[in-house]
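The primary structure of each chain is shown beneath.
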Amino acid sequence: MNHEEASELLPALALNAVEGDERSAAEEHVAGCPHCQSELDWLIDVAGAVGTTVEPLPDDLWSKISSRLYEDRGQHETPSMPLAKEVGIVAPAHRQRPSRRPRAQLMPIVVGVAAVIVAVLTFQIVRADEHASSLQRALNASARNEVAAALATPGRVLVSLNGASHERLAQFVMLPDGRGYLVSSKLPTLDAGETYQLWGVIDGKSISIGLMGRSPSSIAFTVSGPPQPSELAVTVEPSGGTATPTSPILAAGLT
Amino acid sequence: MQDFSEASDPQLVTSIGRYNEVALAEVYRRHGGAVFGLARRVLDNVTEAEDVTQEVFLRLWNEPERFDPSRGSLRSFLLAQSHARSVDVIRSQNARRAREAKDAMKTATRTYDMQNEAWDLTVAYQVTQALAGLPIDERRAIELAYFEGRTYVQVAQILNQPEGTVKSRIRSGMRRMRGALIDAGVKEVNQL
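Taken in order, these protein sequences are the chains called A and B.
With the numbering used here applied, the first sequence corresponds to residues 1 to 255, in that order.
With the numbering used here applied, the second sequence corresponds to residues 1001 to 1192, in that order.
None of these hints come from the bench; they were simulated from the model.
Some clues are possibly wrong.
[To be verified] Simulated restraints on C-beta separations:
hint	chain 1	residue 1	chain 2	residue 2	range
1	B	V1046	A	E5	34 to 42 Å
2	A	S217	B	P1162	40 to 48 Å
3	A	A152	B	R1018	30 to 38 Å
4	B	R1066	A	G193	36 to 44 Å
5	B	Q1129	A	D21	34 to 42 Å
Yeah, the Cβ is synthetic: ideal placement off N, Cα and C, and Gly gets one too.
When you get a sec, could you build the whole thing from the sequences and use the hints?
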C-alpha cells in the first residue's frame, strides 16, 4: 500500500473501521511512516474524545482485575486490600491462600521460588530501565498540560509564525498577563552550535524574549509589560543567543 | 501506602512498569469509568464490557511500555484499546448474529441518545457541540463506524454511498471535530 492509499484510510483506521488485509497493509505502512503515525495519533486522540462517556463502574470489577494481575506468572496472590481502599471499592471478604505442602517437598520448591524471584527481579530492573525516560516524558506532559490550560484561558491569543512561503512554522498562545507558550512547531532541528531565538517586536525594535534551543518543543516565557510586543519573530542564532538579530527572520506573526 | 493522587498519568504508567499495583488502581480510578463506558456503549452489554475493561487494564499492567506519552494522552490510549477490543467482540460470530437484529431505527435512536447522554465533565459541552455541528452525513458515518463497530465498507453499504465518499466524510468529520475541540481548548495541538 502506498502513502496516498494509507493516508486516505487513516481516519477509518482510527475508528477501527478497516479490517483484514487492508488493515494489515495500512498498519504496515504506518509503522514505517512518521507522517502517517503522527496523523493517526491525533485521529485516535479525537476518537477518544468522541468516545468519552463515563459510567459507574461495577462494584466487583476491580477485584476481578486485581485477582488476575499475576495470573500469567503464577507468582503470588495479589494484595488487594490497599488497592481496593485506594479506588474506593470494597475488597472481597475472603481470599484463598495457597495450600500448605508437605515438608519433604519444601527444598525444591524453595529453590524454584528463589529462581523465580531472581528472574522476576531481573525482569523488573529491565522494565525499570525501559521506563526511565518516562519521567522526562512526564515532565513534557506536564508542559503540555500548561499549554492546554493556556488554550482554555479566556482572552488568550493564538499567534501563528509563518515563514517566507507563508507556511506556518510555529504557533504560540499568549495570555493577557504576558505569559506565552509554544503550542506547536515545525521548525527543523538545527545543527550543533545553533539555536532558535524568539524575539518580540515592540515599537519597531526586536527585543529578545529567549532562546528556544535546537529543536523547540516545550517553550514558556513571560513578557513583562506593557507594552506587549506587536509581533513575534524567530531567527537562527549561534548557541548562547545574541542581543540583536544577526540573521534574517525565519518566521514571524502579529500578536 | 504510596499516594498517587497527585501523580501524572505518565508517572503512574512508569510505576506500573515497576509492578506497582497502587499505581494501576489509580489509573483505574481515573479512567476505568471511561474505558467501561465506551465498551458498554459499543457492545450494549454489561458483561462483555466488563470483560473488555479487564483486558484493557491487564494489558496495561503486562505491557505498560506500549503507552507512549509523546503520542497522546493515557485516556486516549486506553479508550483506543477499549474500542478496538469491543469492535473485535462485535465482529465475532455470535455478537454479529445478535446485532443483525438491530436495524436502522436503532441507529437513529442511538444517535439521539448520543447527543443527550452525559459526557465526561471536562469535555461534555464542547464534544456535544462539535458533534452536533458536523454535517449530518459526516456525523452518521462516524457514528456508524465508531459506535456501531461497522467497517467503512459496511458504512458505505448502509448509507448507500461510495466507499470513497464515506472515507472522505469520516476524514472531514474528524478534522472538524479536532478543530472544534482545539478551538474550545479541550484538545492540545501536537502538530500544525
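These are the hints, each one checked on the structure:
| no. | hint | in the structure |
| --- | --- | --- |
| 1 | B/V1046 with A/E5: 34 to 42 Å | holds (39 Å) |
| 2 | A/S217 with B/P1162: 40 to 48 Å | holds (41 Å) |
| 3 | A/A152 with B/R1018: 30 to 38 Å | holds (33 Å) |
| 4 | B/R1066 with A/G193: 36 to 44 Å | holds (37 Å) |
| 5 | B/Q1129 with A/D21: 34 to 42 Å | holds (38 Å) |
The structure shown violates none of the earlier numbered hints.
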